[in-house]
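So the sequences go chain by chain: A and B. Per numbering that gives the first Met the number 0, the first sequence runs over residues 0 to 142. Per numbering that gives the first Met the number 0, the second sequence runs over residues 0 to 433.
Check before you lean on any hint, since a few could be wrong.
To be verified - Under the rule of at most 27 Å between Cα atoms (straight-line distance), these lysine-lysine pairs were calculated in the DSSO-like manner: (1) A:Lys61 / A:Lys27; (2) A:Lys27 / A:Lys124; (3) B:Lys307 / B:Lys96; (4) B:Lys271 / A:Lys12; (5) B:Lys25 / B:Lys1; (6) B:Lys270 / A:Lys61; (7) B:Lys423 / A:Lys12; (8) B:Lys104 / B:Lys59; (9) B:Lys307 / A:Lys12.
Because the hints were derived from the structure by calculation, they are not lab data.
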Amino acid sequence: MFIDQISVFVENKQGALKDILKILADGKIDLRAISIADTSDFGILRMIVPNPDGALELFRSKGVTASKTQVTGCKLSDTPGSLYHVLNTLHDAGISVEYVYAFITRKDEDAYVILRVEDNDAAQKTLLAAGHSLIDPHDLYGI
Amino acid sequence: MKYWNQQIETISRDQLESLQSERLSKTVAHAWEHCAPYRVKMEKAGLQPGNIQGINDLTKLPLTLKDDLRDSYPYGMFAVPMSHVVRIHATSGTTGKQTVVGYTKGDLDVWNECMARCLTMAGATAADIVHVSYGFALFTGGLGGQGGGETIGAATIPAATGNTKRQLQMFTDFGSTVLLCTPSYAMYLGDAVREAGIKDQLKLRIGVLGAEAWTEQMRGEIEERLGIRCYDIFGTAELMGPGVSCECAERNGLHVMEDHFIVEILDPETKKPLPDGQPGELVFSCITKEALPLIRYNTRDICTIDRKPCTCGRNFTRMGKITGRTDDMLIIRGVNVFPSQVESVLLGIPGAAPHYLLVVDRVSNLDTLEVQAEINADFPFDEVRRVEELERRISAELLSVLGVSAKVTLKPPGSVERFELKAKRVLDKRKGTN
């Protein structure tokens, strides 16, 4: 149960992020979740959208290089310590997390977390075995 | 002492030209005999050594370019057996490979002689303490300056570059009186002296600065900061190293050591000699070199010459300041850098695309180089760690190939400007220095 995340490599200069978001706005693409990693030189914009392949094609048509990365989504209760339990479970299994970002929705009381790990299969098995629930991509795209 | 070698430095033009003629025909015969690439070039031009009787035949000879040295990498242009070579230096090539130059014992003697003349011209004597802050190692500046200082009998300090605090300590404690380095390093040291407030403790009186272009304004600032009088010195590794020419006390052009080098200025298009005073490509023929007798070597520097006698008493032709180049070579912190070298590095690294821009600037009087390169569209750029690893790898390779450190900035695919005809790969923000 992978979630397709779209990533765009963004120059660290004024207006660069806005220009990327304008492409999404003009293409009427709704953002489910967004996260930005920034360094002094560049940024990486990561997003979850309802139609990942459509967004990829849209970016390509505008000359913007975007890539698709499979990430794991985990649903957890919106209470203190819940993310800790997820990360601790992965840590105990020796799985390291490249990056993580979380968001909440209007739909239910749960919080959603996106995890980027080297081996999605191993991570998902570990999380399920520990009683965590994973996000079904179709549920997520259709929020 | 005004001259190191008065007899030769004040030789009449007539005598000089007959000496040059004799040495040129000897050098051409030597190159023909011992250096296959020369023989091939001359045969192509329909020439035999006997066709070159003197300097009037000079323009019949084909030009030599840096690429000839690249094509014969590393030792193919050497005209003596390796057992006669006692020193190797190297400088940047136009691609990944360096340009390698060699010297016989006799070549080093000539180099030391030329450097001794330059230092003497600038006013240095055996009583001076010469501080050599050029890079040592493969760069010719360090050992060239060291040899010159020792030849005039001065206590010569191989201070090299870096460790500013120690440089200043040597200035004050060792009592350095003559500084040899690049103009930008002299500015940098001057700023450090000003910051430390130790100008009144310095014994420095002369600067002999070269290996990069500098302006009169920069000369004034260096002189003010260090309390010295500065002289411009010129040379390239292919010809010898520093000491091919230098300013005398008049500071009205750089006297070329014409008993060892014949200088010409050529029209960059037609390659025909230009009248004195007109700017064109600066071309030298080595007429005493044994190991690497480059004949009509086109430096691609743009310069003028003046053959009128100088009020200093020397009759050696004077070169003006170098005002530019007819190729895309950059000089960064005294090191020659070609954009094509950067391209070859980028082509060798998966993840980097060979679309790039070199941004050169001068910050706190030191040259900076930024290489903006595109990340490949198929590179897994989703993770910061991987992108940073890629930046570090490109930086390390650039340092090893260029010999200068560069800041690498990765850009999104397709964001670096594309060119259909002549690509503009360099943005040089330094004012009036290149």
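Each hint tested on the structure:
1. A C-alpha spacing of about 14 Å is found between Lys61 (chain A) and Lys27 (chain A), which places the hinted pair at or below 27 Å, so the restraint holds.
2. With a C-alpha separation of about 36 Å, the suggested pair Lys27 (chain A) and Lys124 (chain A) falls outside the 27 Å cut-off, and the hint is violated.
3. A distance of roughly 40 Å separates the Cα atoms of Lys307 (chain B) and Lys96 (chain B); the hinted pair therefore is violated under the 27 Å criterion.
4. At roughly 49 Å between alpha-carbon atoms, Lys271 (chain B) and Lys12 (chain A) are farther apart than 27 Å, so this suggested pair is violated.
5. Annotation: proposed proximity of Lys25 (chain B) to Lys1 (chain B) is violated, straight-line Cα distance about 31 Å (limit 27 Å).
6. Among the hinted pairs, Lys270 (chain B) with Lys61 (chain A) is inconsistent with the structure: their alpha-carbon atoms are about 48 Å apart, more than 27 Å.
7. Proposed proximity of Lys423 (chain B) and Lys12 (chain A) is supported: the alpha carbons are some 21 Å apart, at most 27 Å.
8. In summary, the hint linking Lys104 (chain B) to Lys59 (chain B) is not supported, as the alpha carbons are separated by about 30 Å, beyond the 27 Å threshold.
9. Our distance criterion of 27 Å between C-alpha atoms is broken by Lys307 (chain B) and Lys12 (chain A), whose separation comes to about 55 Å.
In terms of the numbered hints stated before, the structure departs from hints 2, 3, 4, 5, 6, 8, 9, listed from lowest to highest.
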